[in-house]
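Using the sequences and the accompanying hints, generate a full structural model.
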Amino acid sequence: MKEFLNILLLLILGIVYLISFTKVISAHLNKMVAQRNNAVIALYLSVIASAGIILIDVSKVISDAFTFFYDSNNIGKGILFSGLFFVGAWIYSFAQFHLSFLVVSLLTKENEKTELNNNNIENAMLHGVVLIILAFLVGPSLSALASSFIPYPELPF
Amino acid sequence: MEFLTVIASLLVTIVFMFISYYVYRNYFYSIIYPLNAATRLFFISVLFGSGITLLNYHEAGTILLKFLFEKNKIGIGIVIYCIGLIICFGFNVLMFRVTLLVQKITLYENEKAELAKGNFLIAGLQSITFLVFIFTLSKPMVQLILNLIQV
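Line by line, the protein sequences give chains A and B.
Residue numbers are given in this note's numbering: position 134 of the first sequence equals residue 134, and the series is strictly consecutive.
Residue numbers are given in this note's numbering: position 86 of the second sequence equals residue 243, and the series is strictly consecutive.
It should be emphasised that the hints constitute simulated quantities derived from the structure, not laboratory data.
No incorrect hints appear here.
Derived pair list, reagent style EDC-like, types lysine to aspartate or glutamate, alpha-carbon separation capped at 20 Å:
| # | chain 1 | residue 1 | chain 2 | residue 2 |
| --- | --- | --- | --- | --- |
| 1 | A | Lys-23 | B | Glu-271 |
| 2 | A | Lys-23 | B | Glu-268 |
| 3 | A | Lys-23 | B | Glu-266 |
| 4 | B | Lys-296 | A | Asp-71 |
| 5 | B | Lys-296 | A | Glu-3 |
| 6 | A | Lys-60 | B | Glu-216 |
| 7 | B | Lys-296 | A | Asp-64 |
In silico contact screen, one side only, chain B against chain A (beta carbon under 10 Å); selected entries:
| # | residue |
| --- | --- |
| 8 | Phe-248 |
| 9 | Leu-258 |
| 10 | Val-259 |
| 11 | Leu-282 |
| 12 | Ile-285 |
| 13 | Phe-292 |
| 14 | Met-298 |
| 15 | Leu-301 |
| 16 | Leu-303 |
Chain B is nowhere near these chain A residues, computed Cβ spacing over 12 Å in every case:
| # | residue |
| --- | --- |
| 17 | Ile-91 |
| 18 | Glu-110 |
| 19 | Ile-133 |
| 20 | Val-138 |
For each residue, glycine too, the CB sits at the ideal point set by N, CA and C.
See below:
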């Protein structure tokens with residue numbers, strides 16, 4: 001029962017995460033560029049992939065938190081913690097998307113909005129790689145940070 | 158025993174991936190035949206994701222098989238292992254359907270028509286969504302199977 005509820009919770013959170021994030025980023029990119037060219041599509045897919053990497057990392061902690069609170073007969077807290085970790089991962093992914101623009105502008109010294117509108121695929125791919133590397137590097141640390149909030153009992157040794 | 162494990166792993170992988178290929182092929186061939194680049198990308202991602210689920214299950218399944226082999230209950234071990242494989246296969250198909258549902262809600266577009274046109278945005282989004290679901294849920298799913306075995 002516990003494992004089944006865990007899968008159900010992760011599935012629901014995963015669906016909400018991907019739908020909401022995809023829609024928000026899509027709206028954001030639509031404001032930024034006049035039309036969807038190949039560069040914008042490459043960047044868009046990289047942003048979703050990096051958010052997915054963050055979600056995969058944080059989902060392990062969500063799963064641990066839910067199992068721990070379920071075993072301590074505190075399902076409400078389990079769902080609350082899972083929800084908070086999920087919101088934290090979402091906010092971080094969105095912040096990382098904005099931060100990556102700063103990193104890429106420091107790297108290339110180009111106006112990225114103009115370059116995206118000019119279908120500069122090289123620039124978009126560089127941005128995508130920066131995003132994915134950031135997600136791979138920060139994801140485990142983010143999940144370790146989230147894990148530190150779970151009130152595990154301290155071992156006597 | 159190790160030699161048998163290698164042969165069994167090889168056989169299981171070939172059978173599982175062949176069945177996955179034939180099942181998903183019907184969906185993709187109903188979109189366009191021969192497949193274009195966008196459809197191929199999604200097809201390969203789906204097969205890759207299926208392989209990841211098998212890999213996660215196989216690690217635990219092999220330990221179970223070895224344990225039951227040492228207790229002279231290899232027949233029961235094989236039956237339980239095969240039931241786990243069927244659950245894994247069902248899980249993959251479910252995740253595939255969930256991916257299509259998520260894309261319908263997100264993009265409001267006919268994904269089959271867009272894939273037939275070679276729309277890489279749709280193919281990429283579907284591939285990423287499917288792989289995220291597989292990587293997020295396959296380990297808890299294996300835990301569920303192992304828990305069912307214990308019961």
